[in-house]
Amino acid sequence: KNEVEQSPQNLTAQEGEFITINCSYSVGISALHWLQQHPGGGIVSLFMLSSGKKKHGRLIATINIQEKHSSLHITASHPRDSAVYICAVSDTDKLIFGTGTRLQVFP
Amino acid sequence: DAGITQSPRHKVTETGTPVTLRCHQTENHRYMYWYRQDPGHGLRLIHYSYGVKDTDKGEVSDGYSVSRSKTEDFLLTLESATSSQTSVYFCAISGGQGDREQYFGPGTRLTVT
Numbered sequence: 001k002n003e004v005e006q007s008p009q010n011l012t013a014q015e016g017e018f019i020t021i022n023c024s025y026s027v028g029i030s031a032l033h034w035l036q037q038h039p040g041g042g043i044v045s046l047f048m049l050s051s052g053k054k055k056h057g058r059l060i061a062t063i064n065i066q067e068k069h070s071s072l073h074i075t076a077s078h079p080r081d082s083a084v085y086i087c088a089v090s091d092t093d094k095l096i097f098g099t100g101t102r103l104q105v106f107p
Numbered sequence: 001d002a003g004i005t006q007s008p009r010h011k012v013t014e015t016g017t018p019v020t021l022r023c024h025q026t027e028n029h030r031y032m033y034w035y036r037q038d039p040g041h042g043l044r045l046i047h048y049s050y051g052v053k054d055t056d057k058g059e060v061s062d063g064y065s066v067s068r069s070k071t072e073d074f075l076l077t078l079e080s081a082t083s084s085q086t087s088v089y090f091c092a093i094s095g096g097q098g099d100r101e102q103y104f105g106p107g108t109r110l111t112v113t
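So the protein lines, in turn, are chains A and B. According to the working numbering, the first sequence is numbered sequentially starting from 1. According to the working numbering, the second sequence is numbered sequentially starting from 1.
It should be emphasised that the hints constitute simulated quantities derived from the structure, not laboratory data. This one's a predicted model, so the numbers in the text were calculated from it and none came from an experiment. Don't take each hint at face value.
Claimed, not checked - Some, not all, of what chain A presents toward chain B, calculated at C-beta under 7 angstroms:
1) 40
2) 42
3) 45
4) 46
5) 48
6) 51
7) 94
8) 97
Claimed, not checked - Distance windows between CB atoms, simulated:
9) A:64 <-> B:83: 40 to 48 angstroms
10) B:57 <-> A:26: 16 to 24 angstroms
11) A:38 <-> B:83: 22 to 30 angstroms
12) A:42 <-> B:77: 19 to 27 angstroms
As the list claims (entries may be wrong) - No more than 20 angstroms apart at the CA atoms, straight line, and that leaves these computed lysine to aspartate or glutamate pairs for EDC-like:
13) A:94 <-> B:62
14) A:94 <-> B:14
15) A:53 <-> B:101
Positions of the beta carbon are idealized from the N, C-alpha and C atoms, including for glycine.
Please model the entire structure based on the sequences and the hints provided.
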């Protein structure tokens, strides 16, 4: 069993829909990271959080340390949000990655 | 964007040849990482460095070596490339341990024929 599990693996949505991507982990962590990777592109850090909730534009990330679970929400989704979203957790100086959620948003 | 570059960006090489990938940063960050990304596996850590001449192995280090002789450069060497090392390689940097953000380079696509 992977230490970091994401769901769903693939997600399609219509423009404007509210999207949720989930991440569960089984190890102790100091922080959880959400990353974005566009097709053929590099990897960008969206959020790093260790408690509560963070918001940046239309993106919201939450974490529940007790339940070892995090969610990434996208409000008013847009085709440019189409990408792979990766959850990663860290304990000391290394990250452990999930396999990613591929999101496609259609106009 | 964090100042991090990788070279080369694309490389095709034959089985058995040595290959060196370079990661260069201008951020003076202490930590540098090499990952490989393969379908179905996500990103996996190969080696990382926590300072000049200080390196450690990751989960998939077999067949790879690294060197860091100065803060800004982290080299990944495949001593004798194999087809199983065909992958996309990403370098990342961080100012601290796991509770700091990591910034990723653009990636190097390596094909071993």
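For each hint, the structure was consulted:
{"no.": "1", "hint": "40", "verdict": "9 angstroms, violated"}
{"no.": "2", "hint": "42", "verdict": "5 angstroms, holds"}
{"no.": "3", "hint": "45", "verdict": "5 angstroms, holds"}
{"no.": "4", "hint": "46", "verdict": "10 angstroms, violated"}
{"no.": "5", "hint": "48", "verdict": "5 angstroms, holds"}
{"no.": "6", "hint": "51", "verdict": "12 angstroms, violated"}
{"no.": "7", "hint": "94", "verdict": "6 angstroms, holds"}
{"no.": "8", "hint": "97", "verdict": "4 angstroms, holds"}
{"no.": "9", "hint": "A:64 <-> B:83: 40 to 48 angstroms", "verdict": "43 angstroms, holds"}
{"no.": "10", "hint": "B:57 <-> A:26: 16 to 24 angstroms", "verdict": "22 angstroms, holds"}
{"no.": "11", "hint": "A:38 <-> B:83: 22 to 30 angstroms", "verdict": "28 angstroms, holds"}
{"no.": "12", "hint": "A:42 <-> B:77: 19 to 27 angstroms", "verdict": "23 angstroms, holds"}
{"no.": "13", "hint": "A:94 <-> B:62", "verdict": "18 angstroms, holds"}
{"no.": "14", "hint": "A:94 <-> B:14", "verdict": "32 angstroms, violated"}
{"no.": "15", "hint": "A:53 <-> B:101", "verdict": "16 angstroms, holds"}
In this structure, the hints that do not hold are numbers 1, 4, 6, 14, in rising order.
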